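Each chain, letter by letter, is given below.
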Amino acid sequence: MRKETIFKMKSTYRDDFRIEGYWFGSGEKTACIVGPMRGDEVQQQYVCSQIVKVLQEKEGRGEIAEGKSILVIPSCNPFSMNVGRRFWAMDNTDINRMFPGYDQGETTQRISAAIFKHIEGFRYGMQLASYYVPGEFVPHVRMLSTGYEAIDEARLFGFPYITTRTPLPFDTTLLNYNWQIWNTAAFSIYAGRTDHIDAATSQQTVDAVIRFLYNTHTFVNPSDEAPVQPGFNSGFINEDNLESVTAHHAGIYVRKHTAGDSVMPGEVLAHIIHPYDGRILEEVRCESGGLVFFSHHRPMVYQNALLYKIKTS
Amino acid sequence: MIKEIVSTALPVDERLLIRKNVIKGGKGKKRFCIVTGTHGDELEGQMVCYEMARLVQKHIDMLDGTVEIYPALNPLGIDTIQRGVPNFDLDMNRIFPGSEQGTMAEQTAFRICNDLKGADMVLDIHSSNLYLRESPQVRINVLNEEDLVPFAQHLGVDFVWVHDAATVLEATLAHSLNSTGTRCLVVEMGVGQRINHYMCCHLVKGIFNLMKEMGMWLGDIDLTDITTGPLLQPIRCKGNRVTFLNADCSGVFLTDARTGKIVSKGQSIGTIVDPLTGKVLSDVTSPIDGFLFTIRAYPIVYEGSLMARIFEYNEEEKQTVENVSAAEQ
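Protein chains in written order, with the numbering used here: chain A, 1 to 313; chain B, 1 to 329.
None of these hints come from the bench; they were simulated from the model.
Given the structure is predicted, the values throughout are model-derived calculations rather than measurements.
There's no promise every hint is true.
Stated by the list, open to error - In silico DSSO-like cross-links for lysine-lysine, where the CA-CA straight-line distance does not exceed 30 Å:
id : chain 1 : residue 1 : chain 2 : residue 2
1  : B       : Lys27     : B       : Lys3
2  : A       : Lys8      : B       : Lys279
3  : B       : Lys212    : B       : Lys58
4  : B       : Lys212    : B       : Lys238
5  : B       : Lys279    : A       : Lys10
6  : B       : Lys24     : B       : Lys3
7  : B       : Lys3      : B       : Lys29
8  : A       : Lys10     : B       : Lys265
9  : B       : Lys279    : B       : Lys265
Can you build the whole structure from these sequences, using the hints too?
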């Protein structure tokens, strides 16, 4: 393993801001794994740390294929994580909305530019990402539909699901979009949780990344010490086809189901409770049965809030 | 007449309310909308809305059409001193035209956009942010230049900036309206979390002037109870003639430079200093002769923080720039 400082910047009141990269193997820029860009992505931080740990072990056993290199950037934004802020603490800008960056521009544009300079040109790019609505997902790999999305390669993760969605104008500054445009097969990995660590979904995500590296021959054959966990034959979902379930009332949200659960048509997914007298204001139901793909997880909800996304059967 | 355009329940005994004041006069069919407060930390529009509501009603006999005033598109943001919508990650001015099926913020954006559609003019007032102080200016996407610049010239702002089209800006309120046939001008002025009385009053005067040009305001009103100067021809900027000064190191940016002034090449704009060592880390100077229309207001900078914007004018534009600079308060 070789460490490289991707970006360093002095701060007037804090320690230097540093983005570190961990290189494994040597040769062709094969796979790049990018960790949290937002300060609340702690599950993503944990997953990255576990990937680095596994890669160190594999490199030690000589399991990285000849002529292939892997770069892991475990954090793009340690400053925000250290002070409990989701975005860049000084101006609340989002590093993941600044790609491909601009090295003469504003601070987060410069950070994005430095990151992108190091990570462009990889054959495969994986970003441990999070969603702008707070909640939990079934772990999956997600891509923007740019015309360059690599759906066949996405199956090599063996995640239960692959999703695609049409980019909005605002999405053209995301890393996933820019990686694709610059000829990297780009995958946003949704590790199920964001602001807390869940052992099962984080392990599932680590296994999927390792599986992908085997399936793309970035690793040589697995040793008996570290067998590859079998994956799923991934289902493909266009996100437009997920059924959205919204709250018709505001109040306290009591979940009956969470991501990964199977539900029947008309089943009660949650209750919305009156915050003063405890009345059930609403039984939140799904129209169709299927799999709970996404579940909102904050205890208070607004009227019309998105609560669930269901993959219908 | 006060109308609610959005009323959404919040979890504990409260509703999110977005309201507008509809003021009608005469028989004219034209509709002029003034919107502000998309970003909760921008307050200049509050005084503009107040003065417009007050003056239009005071001189209602001169109105021939409808003026609609929307002071707060993001009321929860204003109330909590947040730029964005509380509990929502995305900038509200990046989610238009919104979605009927989306999150609460996206649904709100959808209803706002629908409510504004069909107006003869929408004026979307912003006031930079906490970090930068701006000369009064109108920003226009190059795609709408031909249609909008003739209107913008009547507003009495210092600067009309015709900027390049950027995909990311397609999700702004202005783009969403302009691309569907409703004219929308974006005004930027002042600094976040503060109100500059002179700038606000001057824009009010400009709005009456524009309404007069549009045939909605009959004659001139007495504006002696608000402080303002003459309406001048704005400086017009198009293309790559704006120089951005970004910090080359982190520190504290000290400046006494003011916007709306001519600066010469090599002139000091400020210094970046280190309060711990007492050292000057960087002397910030203007790389060109130009018109300073943006200056940093929040002193702490990181490497890359924007400190100033300067427009490089040509000989033909010199007189206009000098006029604007001389009138700047």
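Results for each hint:
1. B:Lys27 <-> B:Lys3: holds (20 Å)
2. A:Lys8 <-> B:Lys279: Given pair A:Lys8, B:Lys279 holds - Cα atoms ~21 Å apart, limit 30 Å.
3. B:Lys212 <-> B:Lys58: Holds: B:Lys212 and B:Lys58 sit about 16 Å apart, inside 30 Å.
4. B:Lys212 <-> B:Lys238: At roughly 27 Å apart (the allowed maximum being 30 Å), B:Lys238 and B:Lys212 satisfy the hint.
5. B:Lys279 <-> A:Lys10: Judged against 30 Å, a Cα distance of about 15 Å means the pair holds.
6. B:Lys24 <-> B:Lys3: With a Cα-Cα distance of about 13 Å, the restraint between B:Lys24 and B:Lys3 holds, given a limit of 30 Å.
7. B:Lys3 <-> B:Lys29: OK: B:Lys3 and B:Lys29 at ~19 Å, within 30 Å.
8. A:Lys10 <-> B:Lys265: Within the cut-off at roughly 29 Å; holds.
9. B:Lys279 <-> B:Lys265: Judged against 30 Å, a Cα distance of about 24 Å means the pair holds.
In summary, the structure agrees with every hint in the numbered list given earlier.
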